Amino acid sequence: MITSFDDYMIHQTAEAVSVPAQSDRNVYERHWMSGFDHGGDIFFEVGFGLYPNRHVMDSHLSLVVGNKQYALHCSRRAPDDRIETEVGPMSLKIIEPMRSLQIKIEKNEHNIECDLTFTACSIPHQEPHNTMYDSNHLIMHNTRFTQAGKWNGTIKIDDVTYKIEDATALRDKSWGVRPVGEPAGGAPGLMNGEPGVYWYWSPVLLGDQWLHYGTFQDRDGNPTQESCELVPLYKQSSDIPKGDDPNIIDMNTMSHKLSWNKGTRLASACTITCGDSEGNEYETVLAPFGKPHYMLGIGYNHPEWGHGFWKGELLIGREEFDLDTIDPLDYAHIHTHQRVKATLTVDGKAKSGFGLLETIVIGRHAPSGFKEFFDGAE
Numbered sequence: 004m005i006t007s008f009d010d011y012m013i014h015q016t017a018e019a020v021s022v023p024a025q026s027d028r029n030v031y032e033r034h035w036m037s038g039f040d041h042g043g044d045i046f047f048e049v050g051f052g053l054y055p056n057r058h059v060m061d062s063h064l065s066l067v068v069g070n071k072q073y074a075l076h077c078s079r080r081a082p083d084d085r086i087e088t089e090v091g092p093m094s095l096k097i098i099e100p101m102r103s104l105q106i107k108i109e110k111n112e113h114n115i116e117c118d119l120t121f122t123a124c125s126i127p128h129q130e131p132h133n134t135m136y137d138s139n140h141l142i143m144h145n146t147r148f149t150q151a152g153k154w155n156g157t158i159k160i161d162d163v164t165y166k167i168e169d170a171t172a173l174r175d176k177s178w179g180v181r182p183v184g185e186p187a188g189g190a191p192g193l194m195n196g197e198p199g200v201y202w203y204w205s206p207v208l209l210g211d212q213w214l215h216y217g218t219f220q221d222r223d224g225n226p227t228q229e230s231c232e233l234v235p236l237y238k239q240s241s242d243i244p245k246g247d248d249p250n251i252i253d254m255n256t257m258s259h260k261l262s263w264n265k266g267t268r269l270a271s272a273c274t275i276t277c278g279d280s281e282g283n284e285y286e287t288v289l290a291p292f293g294k295p296h297y298m299l300g301i302g303y304n305h306p307e308w309g310h311g312f313w314k315g316e317l318l319i320g321r322e323e324f325d326l327d328t329i330d331p332l333d334y335a336h337i338h339t340h341q342r343v344k345a346t347l348t349v350d351g352k353a354k355s356g357f358g359l360l361e362t363i364v365i366g367r368h369a370p371s372g373f374k375e376f377f378d379g380a381e
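Residues in the sequence shown are numbered consecutively from 4, following our numbering.
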């Protein structure tokens with residue numbers, strides 16, 4: 004099917020843009036976005052995904068305020084035209100690629116609305132490719148970039164309007180193949196090695212730079228993927244270089260050490276140690292504050308509103324979670340984002356800022372002291 008994007012010189016295959024290059028049903032594209040104020044009152048996240056071979060497009064807004072987490076979930080049959088990014092009352096608009104975008108939720112029966120504009124203050128920084136096999140089946144192969152910025156606008160819940168002014172913003176966009184939606188039929192897969200996952204990721208903004216660190220590890224704490232860079236920040240989006248930023252500092256040594264809240268898999272502190280090719284050593288200390296954001300609020304590990312689930316031609320739902328009574332060791336709650344205060348020290352000089360700390364640890368992980376699938380820290 005020919006659609007509006009076919010008028011642009013962007014084709015990568017002989018097919019129309021609406022036809023994915025792969026027949027894998029888990030082909031996807033997804034926007035993730037986060038924002039928070041530094042006082043700890045407002046913490047929101049957005050997810051917006053397309054799964055063309057599953058014929059699904061879904062979107063989510065989740066807001067942590069006080070001891071509550073609210074979520075609005077929207078799902079529809081996917082449109083053929085890639086320029087159509089609307090799911091019921093929720094829409095995503097690219098105002099200027101890699102510089103500005105808008106998330107909007109019109110008035111609806113669930114009493115959650117928003118009008119938010121993201122303005123970039125860094126380049127879109129590409130992370131290493133993710134690749135994972137289940138026996139001889141490639142189940143994950145994707146690309147992702149992350150970008151820092153600011154949010155402005157409003158979020159309205161139950162007639163209470165929260166004004167968002169220059170809130171810290173982090174977003175990513177990823178695409179490729181990854182496990183989504185209802186599981187495949189047939190014989191179950193046999194994962195290579197010991198089952199489980201350890202993923203740690205922490206982008207933190209520190210004045211004129213942001214530290215971008217992430218790692219997958221095996222059950223014994225050996226990194227299977229790891230990267231760390233210091234990326235420049237800019238006061239005006241018009242100052243951001245096009246393409247790669249020549250002032251990125253790549254780290255050639257890196258490690259992190261996490262502490263956990265007793266009885267949970269929720270981080271209590273972290274120290275990142277890294278070094279560049281010039282011999283400079285950097286230490287960044289992260290201190291979580293405020294309530295965590297449970298990622299099921301935007302579809303991750305959600306038993307009903309998971310990414311790519313077929314919910315019919317159009318369905319919208321609302322949820323609320325009491326963060327004081329939630330079970331942090333429930334499978335659906337293991338994946339979390341936490342706001343952090345951060346201090347980076349190099350050559351005896353320190354600078355401070357704010358960022359996010361993402362963890363998902365399922366199964367045994369020797370450095371953390373976890374022995375079972377869902378035991379908490381001792």
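Treat the hints loosely; a few may be bogus.
[Stated by the list, open to error] Calculated pairs, SDA-like style, for lysine to any residue (alpha carbon to alpha carbon, straight line, at most 20 Å):
| no. | residue 1 | residue 2 |
| --- | --- | --- |
| 1 | K238 | G210 |
| 2 | K153 | R102 |
| 3 | K374 | D333 |
| 4 | K153 | T227 |
| 5 | K354 | A290 |
| 6 | K153 | E168 |
| 7 | K344 | G293 |
| 8 | K260 | E232 |
| 9 | K107 | L317 |
[Claimed, not checked] Derived CB-CB ranges, DEER-like:
| no. | residue 1 | residue 2 | range |
| --- | --- | --- | --- |
| 10 | R80 | K166 | 47 to 57 Å |
| 11 | H140 | R80 | 23 to 33 Å |
| 12 | D169 | K245 | 30 to 40 Å |
| 13 | F148 | A335 | 25 to 35 Å |
| 14 | K344 | G69 | 11 to 21 Å |
| 15 | R321 | D378 | 27 to 37 Å |
| 16 | G188 | S280 | 15 to 25 Å |
| 17 | P100 | T16 | 19 to 29 Å |
These are computed hints drawn from the structure, not numbers from a lab.
Computed from a predicted structure; not experimentally measured.
We put the CB at the ideal spot given by N, CA and C, even for glycine.
Now for the hints, and whether the structure bears them out:
{"no.": "1", "hint": "K238 with G210", "verdict": "holds, 10 Å"}
{"no.": "2", "hint": "K153 with R102", "verdict": "holds, 11 Å"}
{"no.": "3", "hint": "K374 with D333", "verdict": "holds, 16 Å"}
{"no.": "4", "hint": "K153 with T227", "verdict": "violated, 32 Å"}
{"no.": "5", "hint": "K354 with A290", "verdict": "holds, 14 Å"}
{"no.": "6", "hint": "K153 with E168", "verdict": "holds, 8 Å"}
{"no.": "7", "hint": "K344 with G293", "verdict": "holds, 10 Å"}
{"no.": "8", "hint": "K260 with E232", "verdict": "holds, 17 Å"}
{"no.": "9", "hint": "K107 with L317", "verdict": "holds, 17 Å"}
{"no.": "10", "hint": "R80 with K166: 47 to 57 Å", "verdict": "violated, 35 Å"}
{"no.": "11", "hint": "H140 with R80: 23 to 33 Å", "verdict": "holds, 27 Å"}
{"no.": "12", "hint": "D169 with K245: 30 to 40 Å", "verdict": "violated, 24 Å"}
{"no.": "13", "hint": "F148 with A335: 25 to 35 Å", "verdict": "holds, 28 Å"}
{"no.": "14", "hint": "K344 with G69: 11 to 21 Å", "verdict": "holds, 20 Å"}
{"no.": "15", "hint": "R321 with D378: 27 to 37 Å", "verdict": "holds, 33 Å"}
{"no.": "16", "hint": "G188 with S280: 15 to 25 Å", "verdict": "violated, 50 Å"}
{"no.": "17", "hint": "P100 with T16: 19 to 29 Å", "verdict": "holds, 21 Å"}
Going down the numbered hints, you'll see the structure goes against 4, 10, 12, 16, while the others check out.
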